[in-house]
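Quick note: the sequence shown uses my numbering, first residue 11, plus one each step.
The hints are simulated quantities; they were obtained by calculation from the structure and are not laboratory data.
Check the hints yourself; a few may be wrong.
To be verified - With beta-carbon atoms standing in for the labels, derived distance ranges: (1) A83 x G17: 17 to 27 Å; (2) S125 x G17: 16 to 26 Å; (3) S124 x G63: 36 to 46 Å; (4) E55 x P23: 26 to 36 Å; (5) K84 x G51: 28 to 38 Å; (6) P96 x N67: 19 to 29 Å.
What the hints assert, rightly or not - In silico DSSO-like cross-links for lysine-lysine, where the CA-CA straight-line distance does not exceed 27 Å: (7) K52 x K73; (8) K95 x K52; (9) K107 x K73; (10) K107 x K52; (11) K84 x K107.
Quick caveat: nothing in here was measured; it's all calculated off a predicted structure.
Cβ atoms here follow ideal geometry from the backbone N, Cα and C, with glycine treated the same way.
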Amino acid sequence: VQLQAYGGGLVQPGGSLRLSCAASGIIFSIHDMGWHRQAPGKQRELVATITTGGSTNYADSVKGRFTISRHNAKNTVYLQMNSLKPEDTAVYYCAAKSSTGVEYWGQGTLVTVSS
Numbered sequence: 011v012q013l014q015a016y017g018g019g020l021v022q023p024g025g026s027l028r029l030s031c032a033a034s035g036i037i038f039s040i041h042d043m044g045w046h047r048q049a050p051g052k053q054r055e056l057v058a059t060i061t062t063g064g065s066t067n068y069a070d071s072v073k074g075r076f077t078i079s080r081h082n083a084k085n086t087v088y089l090q091m092n093s094l095k096p097e098d099t100a101v102y103y104c105a106a107k108s109s110t111g112v113e114y115w116g117q118g119t120l121v122t123v124s125s
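Kindly generate the complete structure, drawing on both the sequences and the hints.
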C-alpha cells in the first residue's frame with residue numbers, strides 16, 4: 011500500500027495550495043480518506059475527512075477555507091486550501107481507513123505559510 015502526497019510548498023498568507031494524495035495497493039473507493047497535519051512541536055491533528063459516500067468533515071480551524079474531495083477513478087484525494095494562515099504551517103499527511111478499521115498512512119508534504 012502506498013499513499014503518495016504532494017503539492018506542498020511555500021505560500022504567502024492569504025494564498026492557496028492544493029494537495030493531492032494518490033493511493034495504490036488498496037481498493038480506493040471503499041476507503042474513507044483523510045488529511046491530517048502536524049505542526050512543529052505539536053501533536054498531529056485531523057484536518058478533514060471524506061467518506062466513501064462523499065460526506066465530509068472538517069476541523070473547526072479550517073472550516074470555510076479548506077475543501078476535501080476525492081476522485082475514485084484516479085485513486086486520489088485532494089485538499090484545496092484557501093486563505094492560508096501562518097498557523098496552517100505543518101506537514102500534511104493523507105490516510106486511508108477501511109470499513110474494518112485498518113489504517114494506512116502516507117509520507118507527509120510540507121506546507122509553509124509565510125511572507
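Going through the hints against the structure:
no., hint, verdict
1, A83 x G17: 17 to 27 Å, "holds, 19 Å"
2, S125 x G17: 16 to 26 Å, "holds, 20 Å"
3, S124 x G63: 36 to 46 Å, "holds, 37 Å"
4, E55 x P23: 26 to 36 Å, "violated, 20 Å"
5, K84 x G51: 28 to 38 Å, "holds, 35 Å"
6, P96 x N67: 19 to 29 Å, "holds, 24 Å"
7, K52 x K73, "holds, 20 Å"
8, K95 x K52, "holds, 17 Å"
9, K107 x K73, "holds, 22 Å"
10, K107 x K52, "holds, 23 Å"
11, K84 x K107, "holds, 17 Å"
Comparing the model with each earlier hint shows a violation of hint 4 alone; every other hint is respected.
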